[in-house]
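Enquirer: In the order they appear, the protein sequences are chains A and B. Here the first sequence is numbered in our numbering, starting from 1 and rising by one per residue. Here the second sequence is numbered in our numbering, starting from 422 and rising by one per residue.
Rather than coming from a laboratory, the hints here were simulated on the basis of the structure. Check before you lean on any hint, since a few could be wrong.
[To be verified] Here are a few chain A residues that sit away from chain B, every Cβ distance over 10 Å (derived from the structure): (1) A48; (2) S93; (3) T102; (4) A119; (5) H146; (6) V166; (7) H206; (8) Q256; (9) D306; (10) S325; (11) P328.
[What the hints assert, rightly or not] Between beta-carbon pairs, the in silico distance windows are: (12) D736/B x H134/A: 51 to 61 Å; (13) E411/A x R755/B: 52 to 62 Å; (14) G448/B x E411/A: 41 to 51 Å; (15) A383/A x R515/B: 50 to 60 Å; (16) N62/A x P618/B: 44 to 54 Å; (17) A383/A x T584/B: 25 to 35 Å; (18) L706/B x E411/A: 43 to 53 Å; (19) G410/A x P720/B: 36 to 46 Å; (20) G613/B x A383/A: 31 to 41 Å; (21) S503/B x H134/A: 22 to 32 Å.
In this text, a Cβ means the ideal position worked out from N, Cα and C, and glycines have one as well.
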Amino acid sequence: MSNPNANAASAGPALEPEARTTQRPEAGPGSVGLVYLDHAATTPMLPAALAAMAEELGQLGNASSLHSAGRRARRVVEESREIIAEAYGARPSEVIFTSGGTEADNLAVKGLYWARKAAAPQRRRVLASATEHHAVLDCVRWLAEHEGGEADWLAVGPTGEVSPAVLAEAIEADPASVAVISVMWANNEVGTVQPIAELAAVAAEHQIPFHSDAVQAAGHLPVSLAGTGATALTVTAHKIGGPVGVGALLLAKGAQPVPVLHGGGQERDVRSGTLDVPAIRAFAVAVQTATGRRADEAKRQAALRDDLVAQVLAAVPDAILNGASPGPGRLAGNAHFSFPGCEGDALLMLLDARGIACSTGSACTAGVAQPSHVLLAMGADDARARGSLRFSLGHCTEQSDVDALGAVIGEVVERARRAAR
Amino acid sequence: MTTLRVLAAMSGGVDSAVAAARAAEAGHDVTGVHLALSSNPSSYRTGARGCCTLEDARDARRAADVIGIPFYVWDMADRFSSDVVEDFVAEYARGHTPNPCLRCNEKIKFAAVLDRAVALGFDAVCTGHYARLEPVPGDPGTTRLGRSADPGKDQSYVLAVLTSQQLSRAMFPLGDTPKDAVRKEAADRGLGVAEKPDSHDVCFISDGDTRAFLERHLGSAPGDIVETDGTVIGSHHGSYGFTIGQRKGLHIDRPAADGRPRFVLSIEPVSRTVTVGPAEALDVLEIEAARPVWSGCAPPSEPVDCQVQLRAHGDVHPAVCEPDGDDCVRIRLREPARGVAPGQAAVFYDGDAVLGSATISRTG
Chain A
1 MSNPNANAAS
11 AGPALEPEAR
21 TTQRPEAGPG
31 SVGLVYLDHA
41 ATTPMLPAAL
51 AAMAEELGQL
61 GNASSLHSAG
71 RRARRVVEES
81 REIIAEAYGA
91 RPSEVIFTSG
101 GTEADNLAVK
111 GLYWARKAAA
121 PQRRRVLASA
131 TEHHAVLDCV
141 RWLAEHEGGE
151 ADWLAVGPTG
161 EVSPAVLAEA
171 IEADPASVAV
181 ISVMWANNEV
191 GTVQPIAELA
201 AVAAEHQIPF
211 HSDAVQAAGH
221 LPVSLAGTGA
231 TALTVTAHKI
241 GGPVGVGALL
251 LAKGAQPVPV
261 LHGGGQERDV
271 RSGTLDVPAI
281 RAFAVAVQTA
291 TGRRADEAKR
301 QAALRDDLVA
311 QVLAAVPDAI
321 LNGASPGPGR
331 LAGNAHFSFP
341 GCEGDALLML
351 LDARGIACST
361 GSACTAGVAQ
371 PSHVLLAMGA
381 DDARARGSLR
391 FSLGHCTEQS
401 DVDALGAVIG
411 EVVERARRAA
421 R
Chain B
422 MTTLRVLAAM
432 SGGVDSAVAA
442 ARAAEAGHDV
452 TGVHLALSSN
462 PSSYRTGARG
472 CCTLEDARDA
482 RRAADVIGIP
492 FYVWDMADRF
502 SSDVVEDFVA
512 EYARGHTPNP
522 CLRCNEKIKF
532 AAVLDRAVAL
542 GFDAVCTGHY
552 ARLEPVPGDP
562 GTTRLGRSAD
572 PGKDQSYVLA
582 VLTSQQLSRA
592 MFPLGDTPKD
602 AVRKEAADRG
612 LGVAEKPDSH
622 DVCFISDGDT
632 RAFLERHLGS
642 APGDIVETDG
652 TVIGSHHGSY
662 GFTIGQRKGL
672 HIDRPAADGR
682 PRFVLSIEPV
692 SRTVTVGPAE
702 ALDVLEIEAA
712 RPVWSGCAPP
722 SEPVDCQVQL
732 RAHGDVHPAV
742 CEPDGDDCVR
752 IRLREPARGV
762 APGQAAVFYD
772 GDAVLGSATI
782 SRTG
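Based on the provided sequences and hints, a complete structural model is requested.
Expert: So, in structure tokens, the structure goes:
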């Protein structure tokens with residue numbers, strides 16, 4: 001085997017030699033050396049949620065069975081339902097358990113569209129923000145391509161906000177033709193918070209169902225079904241310290257979406273399928289904890305986030321912070337930057353090699369990052385959209401995590417810039 | 422041995438998987454990368470054709486898991502399209518017969534990928550090519566290319582286009598091993614791709630129908646098939662469908678006067694004329710080749726005796742090569758060769774060692 005020499009001339013200024021990292025097995029949080037700044041993707045399970053789930057996994061019972069084992073399981077489900085309902089300003093009967101946020105989004109967008117169009121065939125338009133998560137975006141596109149729908153994308157401003165005026169104008173172009181409206185509560189990439197109560201009010205004026213994907217907002221902001229007058233809200237467990245695989249659609253009484261899953265008629269016939277009792281129990285524990293400390297945690301994360309932003313900008317003065325200014329209009333734990341002259345995937349790889357986990361924030365096809373549709377909708381060009389990173393904090397983020405990023409980001413950006421030339 | 426930071430290109434096939442495994446086992450700091458070369462990849466591999474589908478990306482990822490190395494996907498689709506696919510089509514449009522694997526090694530694997538890797542802090546790019554690297558005798562700092570231990574799999578021909586600087590940052594862990602042993606090793610290492618079929622032919626033509634592919638890109642360009650005296654004896658739909666030395670698929674109306682088979686002698690794309698004739702008219706003794714790369718020796722100032730290979734998996738021909746200025750090499754064969762097509766590489770060997778290569782531009 002050859003012995004390549006590191007004597008090739010470099011194209012730019014000499015850099016410190018790469019630290020030789022030894023081969024290590026892929027690390028997880030909790031192991032020494034991993035700085036995890038990707039809580040918006042998922043976050044460690046809360047110990048209490050994990051314990052509750054593990055205990056419940058050892059129990060027997062299908063919550064739909066009529067005998068004592070079934071009733072025991074049913075009781076766990078209903079107690080969990082009550083906890084979640086109360087935390088999110090809903091009645092227990094307004095909580096529909098699903099397998100997660102994506103399923104709840106599909107149920108809301110497709111189900112409400114089908115119901116509305118069946119009642120009045122001219123209702124073909126689906127109004128959704130241009131910055132929705134793919135779990136809403138792709139549903140809307142699919143409805144347009146296959147179900148006779150018409151996608152009407154609501155433009156966002158440069159920080160990603162949908163204004164109530166923009167929504168009103170879109171509706172008023174032809175109110176009778178709108179099937180359903182969907183605008184996410186807080187954006188998963190850039191953290192911008194939407195004026196959901198005002199948007200829901202505009203929709204209510206025209207009696208059009210309003211859905212909001214509150215997956216990122218729940219646990220950080222006061223998400224409430226009754227408080228907003230929305231028709232439907234999506235929440236999920238794994239973003240707040242519960243397990244992956246369970247979520248809920250909060251569905252206002254009276255709303256009757258066409259089901260996506262047909263079967264045993266569980267969840268009032270709206271969503272069939274055997275209930276995942278252990279996951280539901282853990283979901284409730286996570287919701288309870290997250291809601292209980294929401295205000296304090298938001299404050300704590302905001303302070304860490306603001307320091308992270310300051311450190312990054314100090315190291316890379318021409319980095320651009322995308323999204324709404326840090327404050328009530330932005331998720332407390334979210335920071336999203338574009339680094340001019342870099343590819344996001346090179347940045348991610350370099351940080352990964354240094355034990356820092358973050359995200360390019362955009363969906364990937366087979367691992368190849370596409371330019372973020374959120375940034376493109378906000379008016380960024382392709383290059384800026386590709387050269388971005390999202391850092392998101394969570395319940396276990398400490399100052400040391402922020403400092404670890406601050407210590408290396410300058411050198412990482414410099415190297416990524418060399419790679420892009 | 423110095424520990425190197427190695428970027429292992431992993432196609433999802435068995436060779437690159439074993440190569441990556443060996444590099445990691447040797448103690449290097451290895452990162453696996455799958456090159457996404459198609460902007461619209463199909464989901465599944467269909468048999469042995471095509472490459473770099475989503476399934477291949479998944480296979481590569483799983484192999485990286487088993488080996489225990491980080492894994493990423495790099496999007497090279499745009500560069501691949503312009504540097505390899507467009508070049509392939511343009512060469513056929515010129516009446517040449519290109520070798521896209523060569524172009525991919527030259528422009529993508531050991532250029533675009535290597536440059537990016539070096540900028541990101543890697544020392545070398547590792548692939549599953551069957552070839553050897555060894556120091557040039559008497560010049561220990563430099564590396565030259567040689568044939569692999571498995572002569573049937575030897576890929577030194579498609580790597581000979583690389584410069585010594587590119588070779589100095591290449592790693593070919595499979596050079597000493599026969600293919601069967603590589604498959605067995607893959608199985609022993611628990612790599613699921615041990616039995617995966619090799620991809621054949623052109624990786625970006627997944628149904629194997631090159632003529633149809635070219636027709637989609639170049640359109641129908643009908644012209645005449647003529648004998649050496651100019652007599653028109655048939656017609657074709659596009660001169661790009663032919664290569665020098667081709668015998669089959671000529672669609673000629675009538676047999677030759679002597680009843681012997683006819684072969685494509687030359688392709689003239691401007692007039693869209695394909696000339697055919699008897700086998701002996703294919704004989705070539707002199708070849709002109711352009712853009713020489715001398716990786717295994719200093720660029721010669723005098724004529725050099727060597728063996729030259731004129732196509733992938735072709736025979737070697739004893740020859741004398743003489744540079745003619747910086748950009749041209751004249752090759753005089755001792756015995757005539759047939760089916761020498763402009764666009765192919767002429768690779769100069771000294772036994773099993775590669776001295777260099779150049780692109781065939783004319784024959785006489």
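Enquirer: List in ascending order the numbers of the hints, as given earlier, that are violated by the structure.
Expert: As far as the earlier hints go, 14, 15, 18 are violated by this structure, in ascending order.
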